[in-house]
Amino acid sequence: MRGDHDAFAQLVDAAFPKLYGTAGLVLGEWAAVQEAVQSTLIRAWQDLPKLRDPERFEAWLYRIAINACHDEGRRRQRGRRHETDLGSLDSDPSLDSLTWVADRDELDRAFARLTPDQRAILTLVFYRDMTVLQAAEAIGAPLGTAKSRLHRALEALRAALAAEGRPAFESEVEA
Amino acid sequence: MTGHDDLERRLPDYLEGRAPTAPAGLLNDLLRQTVDLPQRRGVLTFANSAWWAVGAAVVVLVAALALRSALPGPSVPPGGQASPSPSSEPSMTTITVSSPVHEKAIIVQATDVMSARLRTLGIGNFTSSGSGDNTTFSFVLPSSVDLADVRVVLTTQGDIEWLAWSAEPWPVEGDPVRQDVLPLFDASGQILSVTVRPASDGSPEGVVVSLGSLAADAIATYTSAHIGEPAMPLAMDGVILLSPTIQGAITGGDVLITLAEDAPISAEALSAIMASGPLPAAWTASPAGSPVPLPTPSPTAETSGYFVRWQNDDDATYHVELIEDPTDDPTGAIFHPWIIGPGETGVVEIPSTRPGELQVRLLTCDAVAQWVVQPGNYEVVIHGGQATLRPDAARSSLVPMPTASTCIFSGP
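Protein sequences appear in the order of chains F and E. So the first sequence is residues -19 to 155, counted in the numbering used here. So the second sequence is residues 163 to 574, counted in the numbering used here.
For reference, chain F alone in the conformation it holds in the complex:
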């Protein structure tokens, strides 16, 4: 078991930074991230004997993580009363160097208005750099569902940006 745990730790170590970032983006509330990541690692360790193919460890880990994010999100929602807050992303000064900083706050608000499912598919594809097929596996959905969810997530993000008064970067599109 010690050897298994060492191997587990080694694999998790490689995946952890992006896994943590993914949980943060999906949940949108940093306070919830650690809870979700903690339950992810516990669940992954406990279910490790069921993993058949080590090469699929990361996809399997992400699937657990996405489920943990959903569970944590629901748990926090149930704990709320009389709230309609959709959660917000804390400000990150590192973005100030970006040329499109003027868009950031609007994009923050627009991204926060997406559902966790939508944030998850966008995060897996555009942050974790998964293919849609890999993302489908991570969210536990058929490929077609993942494709449509990705499409709808992008549409929702554009709609949210439009609602913020900015038409999805059109002014910055190169000729």
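A few of these clues could be false.
What the hints assert, rightly or not - If you want the footprint, here are the derived chain E segments under chain F, 3+ residues with CB under 8 Å:
#, region
1, 182 to 192
2, 309 to 315
3, 343 to 354
4, 362 to 371
The hints are simulated quantities; they were obtained by calculation from the structure and are not laboratory data. Idealized CB from N, CA, C, for every residue including glycine.
We have chain F already, so just place chain E on it with the hints.
Here is chain E on its own, set in the frame of chain F:
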């Protein structure tokens, strides 16, 4: 390039900048918490399973079997089929299932799986309510659905495995899976779609399973090496369900599972289970699903409590929840989320007539609309991205009605 393309091009940078960085030392702290935790049942250790190949496949499994009594899960109650007479009013069937675990999150997760299974089975309108370890499903049983199948899908864990049983002694249907036999692939995430193929021209009904590329390739590689052998049985919950002989190399990605009339599970139930995924464990059901009359919209029918009717007119699925008053639980209301799919209706009866506030909450994944109302009968109509709460005009109320209110929320 379009503006849309530009958004997609900028998203990686945006997300990279917004993603939080894990605090230093957090991973080590978390790993220390796991090292002493026991691991769950499994047939493999971590390092021994890099054995399966990748490819594309079609499997045709044709099997006849007689092991109904050998499968785990509940037995079908004698006369369990709800059969309202043609002239009678529609009757409500209730089935209560009990969780073997006491963790609420797991019960909620299992209820989601059960709900998906019911929909796949053809029961689109139902309510679920939870109390402790018990979850009660109420529905009008469609004539096309067998009550026995409902009980099976609500209780069977449904852990499906295609096994690489490559040597004698060959598998026997109904026997437990040998511990030294490995699954050919991890079925979770590899079952892309499942459909029932009706019986026709003397062929029994079956289940067509479309597999992901990893599974399909593994099957193609494996079957090409084991033609003429019953070397790839299908197991569910650790018991051999089918053990057909491989007739030829199977390529293409679709699996046809053909079930005999005396198979331990129907094609409909198997399809619902495979399409919706496994439960965390096997649940147990109450002895029988007993039909009870539907509440009628008359004052006399309301003396036992109140009703909240949910109507979802949107093309989206919503989670809804009744919240008990945390100070007194005056309503005995259901503290459990359930799911109302597109076009579906749900009715929840609140059995208590004790006075007190009833909190009604509709939640999507990231938005909550909540009303605090007095006990009474209500409709919640979800339409066009709005949830409207109003008194149920079809049911006279025993208490004053609240003012109708509307809450706008963002749907999935």
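Go check the region 362 to 371 of chain E versus chain F for me, would you? Three or more residues, Cβ under 8 Å, otherwise it fails. violated (count 0)
Are three or more residues of the region 182 to 192 of chain E within 8 Å, CB to CB, of chain F? Per the Cβ count (6), the hint holds.
Coverage of the region 309 to 315 of chain E by chain F (three or more Cβ within 8 Å): Our answer is that it is violated, as 0 residues pass the Cβ test (under 8 Å) against chain F, missing three.
Proximity test - 8 Å, beta-carbon atoms, the region 343 to 354 of chain E to chain F, at least three hits: holds (count 7)
Hint check: violations occur at hints 2, 4; the rest are consistent with the structure.
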